[in-house]
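Enquirer: Sequence:
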Amino acid sequence: MLKYYSLSIKLSLFSKYTTPQIDMNSQILNNKLLDDNTLWSNLKAGDEKSFSLLFERYYKDLISYGNSLSPFQEKVQDCVQDVFADVWVYRNSLQESVIVKAYLLSSVRKRIARLFQRDHIFRKTTSTEAIEFLFDFSIENELVEDEVTAERVLYLNKLLNDLPPRQKEALYLRYHQGLAVEQIAELLDVNYQSANNLLYRGLLSLRKEWKGNLSYIVLLSSGVLQFS
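This note's numbering puts the sequence shown at residues 1 to 228.
A hint or two may mislead.
[Claimed, not checked] Here are the simulated lysine-lysine pairs, DSS-like style, with alpha carbons at most 30 Å apart:
#, residue 1, residue 2
1, Lys158, Lys60
2, Lys158, Lys208
3, Lys110, Lys158
For the record, the hints were derived by calculation from the structure and aren't laboratory data.
All chains, full assembly: derive it from the sequences and hints.
Expert: What follows is the structure, encoded as structure tokens:
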């Protein structure tokens, strides 16, 4: 598909942003003072700094998600960079109010689906259902306090990774990326109830198979349990 911006524009954008180098004042602005809505509004007005801060804030998350959808890391990086390039080049036509993280994740997913269609990696469709979720859950080591706990955590990891791909992806988006159910529904191109069912069935499967302390499942369902 032909792009409406030249390769030189894309290279110019990402020569600045692919390896973020920011000072402490910029980091404070990024983390504490400017929320996503403010940065999005400023970006639409043409503020490059706001674009840079959003890039720095979400680039790693988008790469992580992209790598969970495709084993081709270089193509994933290209897709993520194309998403950000489109955001900048077409900023005047962007919606005024969006959930920025959900919008970017959805854009990456759709772009990878189109990539699969173009390269005939999967069946000829732009449906995001053509993508098989590849992410492996791994609960962070700091939660492991002793050998018995470590064994239980390994077993819980196995249960998580044995879930059907769509349930697994829904849990990833909810508890790793922190998306709300309605955002997951939009991203997966399903209705709210279907997204809620994916989460419910995933957690129900874990509860049925989990023989240890239910506190791990409670932590997962509450969003306290984090994944590396």
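Enquirer: Hint by hint, say whether it matches the structure.
Expert: Hints, verified against the model:
The straight-line distance between the Cα atoms of Lys158 and Lys60 is roughly 25 Å, inside the 30 Å bound, and the hint therefore holds. Between Lys158 and Lys208 the CA atoms are separated by roughly 14 Å; this keeps the pair inside 30 Å, and the hint holds. With a C-alpha separation of about 29 Å, the suggested pair Lys110 and Lys158 falls inside the 30 Å cut-off, and the hint holds.
Of the numbered hints stated above, none is contradicted by the structure.
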